[in-house]
Amino acid sequence: RALGILRKRPNGSRSTSASPTESGSTKTDDFGSDEESDRSIVEARPRKKGRDRSARGLANYRLEIINIAYKHFKLFIATSSTWPSDDHKDVFIIEAWQAACEEGDWDITHDPKLRIKDQERRLICDHECQVRGDIKKAAKSFLPARYGFRPAQNTDPDITDIKEHNRQLVALLIQKIAFAHPEPGNSADFCRNPIITDVISRVFFEQTRNRTTNLGLKYAEYFEDAMPLPTIALALTAIRCAIDEWKEGIEEPIHFTETPYRMHYEKYIETLERWEAFAIKKQSKAFKTMQQDLLRICRANAGVSNLMQAEPEAGAGAAAESLLGDDDFAQWLRAGSIRFVATANDSYANVSGLNGTRGRRESIYGQATSCYMELPRT
13 RALGILRKRP
23 NGSRSTSASP
33 TESGSTKTDD
43 FGSDEESDRS
53 IVEARPRKKG
63 RDRSARGLAN
73 YRLEIINIAY
83 KHFKLFIATS
93 STWPSDDHKD
103 VFIIEAWQAA
113 CEEGDWDITH
123 DPKLRIKDQE
133 RRLICDHECQ
143 VRGDIKKAAK
153 SFLPARYGFR
163 PAQNTDPDIT
173 DIKEHNRQLV
183 ALLIQKIAFA
193 HPEPGNSADF
203 CRNPIITDVI
213 SRVFFEQTRN
223 RTTNLGLKYA
233 EYFEDAMPLP
243 TIALALTAIR
253 CAIDEWKEGI
263 EEPIHFTETP
273 YRMHYEKYIE
283 TLERWEAFAI
293 KKQSKAFKTM
303 QQDLLRICRA
313 NAGVSNLMQA
323 EPEAGAGAAA
333 ESLLGDDDFA
343 QWLRAGSIRF
353 VATANDSYAN
363 VSGLNGTRGR
373 RESIYGQATS
383 CYMELPRT
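Quick note: the sequence shown, position 196, residue 208 per our numbering, numbers continuous.
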């Protein structure tokens with residue numbers, strides 16, 4: 013699946029803002045410093061012992077290639093496969109290195125010295141977990157405002173009620189991926205909860221001085237005309253991990269590790285793929301429209317107009333078909349065509365009767381965009 017999603021950037025698509033002299037500037041994940049002289053292109057003496065996992069001794073031009081390659085590697089992880097196999101990971105590294113050489117006008121085809129070395133492979137690979145960490149950090153920051161979790165300390169006088177509220181909210185949200193819906197009791201509008209675009213925008217579509225957070229704009233070809241399924245699944249998995257931190261009633265850090273979250277990620281991929289197949293079978297563009305809308309919102313959040321417009325439904329029944337598509341996921345769920353991830357840890361509390369107690373909550377943007385809010389105290 014991952015290798016089939018890899019995208020090679022077309023000729024001429026090289027970013028005009030990524031010159032070799034710029035690639036060593038103020039980026040948080042850079043390996044080199046812009047204070048080093050560009051005249052130093054002599055290869056460093058190889059280390060005889062150990063496996064050097066630092067950039068020490070690398071020539072400046074190789075540091076520049078690594079800095080660019082990491083950005084492409086990060087995008088491969090986010091848009092193709094979040095937990096790739098070793099073979100797929102190696103493909104990502106090679107593709108990222110080649111893309112970096114192309115972007116910086118280094119002729120890797122005719123210059124054997126430009127071929128990637130083991131030390132450079134390790135440097136790029138070691139940053140794999142940072143991609144997932146950035147997504148998890150973003151999900152964690154948006155969680156209380158979007159869902160209504162109540163932060164507290166064990167010394168708070170209402171700690172018992174607060175813990176019970178948070179536990180019940182966790183139980184409600186993780187049932188059948190309810191946290192992906194704007195309303196927890198409504199199975200329509202899957203992946204329409206605004207926290208999904210909040211998270212993706214924060215990491216890939218944010219116009220800031222830190223140029224590592226605008227990669228979705230700088231390298232738009234990785235996203236093409238719709239949000240990739242692996243990116244959606246990664247956001248869902250990070251949100252799920254952030255929700256799990258509240259399962260005991262008070263937020264407790266949980267590492268976003270392969271075990272158990274790769275299982276959740278793969279199940280979310282499966283759910284999305286099955287819904288996509290269902291929509292195609294029903295001749296509905298609801299799934300594709302959802303993907304396009306997610307990308308459009310992320311670009312709009314960055315203040316970038318979206319030139320891509322969803323294709324209109326064909327035929328006289330276009331309006332009816334489009335309307336039907338909005339409820340495709342709910343119909344599919346009622347028909348029993350979906351399998352959700354479920355583990356023994358998914359039953360934190362009895363959630364019977366909670367659907368009637370929810371109400372509309374004010375979002376962090378001052379608009380009632382989500383229906384999760386504090387449950388009444390008992």
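Since the hints were made in silico from the structure, they are not lab data. Among the hints, erroneous ones may be present.
Unchecked claim - Per label pair, the in silico range of CB-to-CB distance:
| no. | residue 1 | residue 2 | range |
| --- | --- | --- | --- |
| 1 | E260 | K125 | 51 to 57 Å |
| 2 | E233 | R127 | 20 to 26 Å |
| 3 | E270 | S153 | 19 to 25 Å |
Said to hold, decoys possible - Capping the alpha-carbon separation at 27 Å, the derived lysine-lysine pairs in DSS-like fashion look like this:
| no. | residue 1 | residue 2 |
| --- | --- | --- |
| 4 | K188 | K300 |
| 5 | K129 | K149 |
| 6 | K175 | K259 |
| 7 | K188 | K129 |
| 8 | K279 | K149 |
| 9 | K152 | K129 |
| 10 | K149 | K125 |
| 11 | K230 | K259 |
| 12 | K230 | K188 |
| 13 | K188 | K101 |
| 14 | K294 | K152 |
| 15 | K152 | K230 |
| 16 | K101 | K175 |
| 17 | K279 | K300 |
| 18 | K188 | K294 |
| 19 | K259 | K152 |
For each residue, glycine too, the CB sits at the ideal point set by N, CA and C.
Taking the hints in turn, this is what the structure says about them:
1. E260 x K125: 51 to 57 Å: 55 Å, holds
2. E233 x R127: 20 to 26 Å: 24 Å, holds
3. E270 x S153: 19 to 25 Å: With a Cβ separation near 23 Å, E270 and S153 satisfy 19 to 25 Å, so the hint holds.
4. K188 x K300: Holds - the C-alpha atoms of K300 and K188 are around 21 Å apart, at most 27 Å.
5. K129 x K149: Not satisfied, since the Cα-Cα distance of roughly 32 Å exceeds 27 Å.
6. K175 x K259: 9 Å, holds
7. K188 x K129: The hint is violated at about 45 Å.
8. K279 x K149: Roughly 22 Å between the alpha carbons, so the hint for K279 and K149 holds.
9. K152 x K129: 36 Å, violated
10. K149 x K125: 38 Å, violated
11. K230 x K259: With a Cα-Cα distance of about 38 Å, the restraint between K230 and K259 is violated, given a limit of 27 Å.
12. K230 x K188: Violated, at roughly 35 Å.
13. K188 x K101: 31 Å, violated
14. K294 x K152: 36 Å, violated
15. K152 x K230: 25 Å, holds
16. K101 x K175: 41 Å, violated
17. K279 x K300: Since the Cα atoms of K279 and K300 sit roughly 19 Å apart, the hinted pair holds (cutoff 27 Å).
18. K188 x K294: 22 Å, holds
19. K259 x K152: Measuring from Cα to Cα gives roughly 14 Å; hence the hint holds.
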